[in-house]
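If you read the sequences in order, they're chains L and H. Counted from 1, the first sequence has number 169 at position 169 by the numbering used here; the numbering is strictly sequential. Counted from 1, the second sequence has number 1157 at position 157 by the numbering used here; the numbering is strictly sequential.
Some hints could be false.
Claimed, not checked - Derived pair list, reagent style DMTMM-like, types lysine to aspartate or glutamate, alpha-carbon separation capped at 25 Å:
(1) K48(L) <-> E1075(H)
(2) K199(L) <-> E1075(H)
(3) K199(L) <-> E1028(H)
(4) K199(L) <-> E1006(H)
As the list claims (entries may be wrong) - Estimated spans, in silico, between C-beta atoms of each pair:
(5) S1152(H) <-> P91(L): 50 to 60 Å
(6) P1067(H) <-> T85(L): 23 to 33 Å
(7) R152(L) <-> G1033(H): 30 to 40 Å
(8) E1006(H) <-> S156(L): 19 to 29 Å
(9) R148(L) <-> N1029(H): 33 to 43 Å
(10) A1200(H) <-> A29(L): 43 to 53 Å
Simulated from the structure, these hints should not be mistaken for lab results. Note that the Cβ used here is the ideal one computed from N, Cα and C, for glycine as well.
Each chain is listed here by its residues.
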Amino acid sequence: MEPGLGRPAPGPVAPDWELRLRHGPETDADVRELLLRTADGDAAAFTKVYDAYADAVMGLACRIVKDVAQAEEVTQDVMVEVWRTADRFRPERGSARSWVLTLAHRRAVDRVRSAQASSERERLAGLLARDTAFDEVAETVADRDERRRVYRCLASLARMQRVPLVLAYYQGMTYGEVADSLATPHGTVKSRMRAGLRKLHDCLEGVR
Amino acid sequence: MTAAEEPHASVGAYVLHALPPGEEAAFENHLAGCEACRREAEAYASALTWLADAPLPWTGPPVPAPPDVRARVLEQVSRTAQERRGAEAPRPRAPARPLRLALAAALAAVVALGGVAAWQHTAAEDAREREAQAQSAARAQADALADVLSASDAEIFSGSLPGGASVGIVVAQSQDRAAFTAQRLPRLPGGRVYELWYAADADELRPAGLLPGDGGEELRLMDGWIEDAVAVGISVEPAGGSAQPTTDPLAVVPITSSG
Chain L
1 MEPGLGRPAP GPVAPDWELR LRHGPETDAD VRELLLRTAD GDAAAFTKVY
51 DAYADAVMGL ACRIVKDVAQ AEEVTQDVMV EVWRTADRFR PERGSARSWV
101 LTLAHRRAVD RVRSAQASSE RERLAGLLAR DTAFDEVAET VADRDERRRV
151 YRCLASLARM QRVPLVLAYY QGMTYGEVAD SLATPHGTVK SRMRAGLRKL
201 HDCLEGVR
Chain H
1001 MTAAEEPHAS VGAYVLHALP PGEEAAFENH LAGCEACRRE AEAYASALTW
1051 LADAPLPWTG PPVPAPPDVR ARVLEQVSRT AQERRGAEAP RPRAPARPLR
1101 LALAAALAAV VALGGVAAWQ HTAAEDARER EAQAQSAARA QADALADVLS
1151 ASDAEIFSGS LPGGASVGIV VAQSQDRAAF TAQRLPRLPG GRVYELWYAA
1201 DADELRPAGL LPGDGGEELR LMDGWIEDAV AVGISVEPAG GSAQPTTDPL
1251 AVVPITSSG
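Throw the hints in and build the complete structure from the sequences for me.
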């Protein structure tokens, strides 16, 4: 699989990140209600859940599988799974968006692992481990509070916490593969992932 | 491998989907009984949804889901049944009945192969050669594989799949590890993979590694430890593997020698 998108985006492309971060006409609370109705078999409610989250799922899938055609398949599989397993959503345990994107991340990672040998992932990881991609993107970020918060919080992590997190999340690497590619003990990487997530969470929540 | 660590340590890797299937299944079992870990996992999962939108790594302009995906999803949904909970949806513990029968039959007939020494040595040399060229991540695996193949107490147990593919399990009791080998494995459609299982009993199966679905020749170390397993099973699973077998096994190979 070559890096970069597999083919040009079809039709008009969202002009900038403004559009992507807008959640459409439904608020998170509205979509939670729609997802609960989906679990009861309401196909019309599911259609609105699709419209609320399909672009976010597609965007995440693109970033992880790095191929538009495969990302479309992942998006289709994920959204059908949202319909099929909506009954598993527990509103008291997290938001509808979090549930759908967690499912999307898992399926995108499954796809990368079945399609790509771990040695290939490690080669890509070698590029990311230099952290240049993060630095380049951070400089081009426009003035949006939400995105600035994510970047600020990611930047606040020590490099040795941020890199394993980014490698796992965007490259679909297991913690063992991350550890071996960074020549770090497996247990150490596991605990850095946990510590990095704790710090990221606390920062995003505004906890000091 | 993780037996000595505290179980909560895996929560970060779990939320990142960075645990291999065997550890993931074990951690999900742990989660079922650990409220503190569940709360921690939820907090991290919600933090990660922020990362879903961040344009990292940079791969170009954002691509929205195209209209034909929407049409296909809605069409598929119209003919897809939904899952329904009963009281609580239990994680399937017992394998399907046919696996129990197959395991019972296999346990009744134990097979051991003689003349292993020459084969072991060649495969061990191959493994070492692969190691020299492998990325650093594969090095530890290749070392462990070579150790199993060249162990002084290594024994091979063989079986065959319907259709004629042959499989062998090389067991090194002194290391509590085994290796799996196969020739002429059929190619699987639809992104499916082969999954290996350690079976202590017909009701106690542990995931022990995945093999890609493109088939052919395979040689790999099995994940985890033999412990109390008396047989190894292989089944076809969806991409990414399953926590428990979702299909009947293609083969069940006993790995204890008679007498």
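Hints, verified against the model:
no., hint, in the structure
1, K48(L) <-> E1075(H), "holds, 15 Å"
2, K199(L) <-> E1075(H), "violated, 42 Å"
3, K199(L) <-> E1028(H), "holds, 23 Å"
4, K199(L) <-> E1006(H), "holds, 20 Å"
5, S1152(H) <-> P91(L): 50 to 60 Å, "holds, 58 Å"
6, P1067(H) <-> T85(L): 23 to 33 Å, "holds, 24 Å"
7, R152(L) <-> G1033(H): 30 to 40 Å, "holds, 37 Å"
8, E1006(H) <-> S156(L): 19 to 29 Å, "holds, 27 Å"
9, R148(L) <-> N1029(H): 33 to 43 Å, "holds, 40 Å"
10, A1200(H) <-> A29(L): 43 to 53 Å, "holds, 47 Å"
Checked against the numbered hints above, the structure violates only hint 2.
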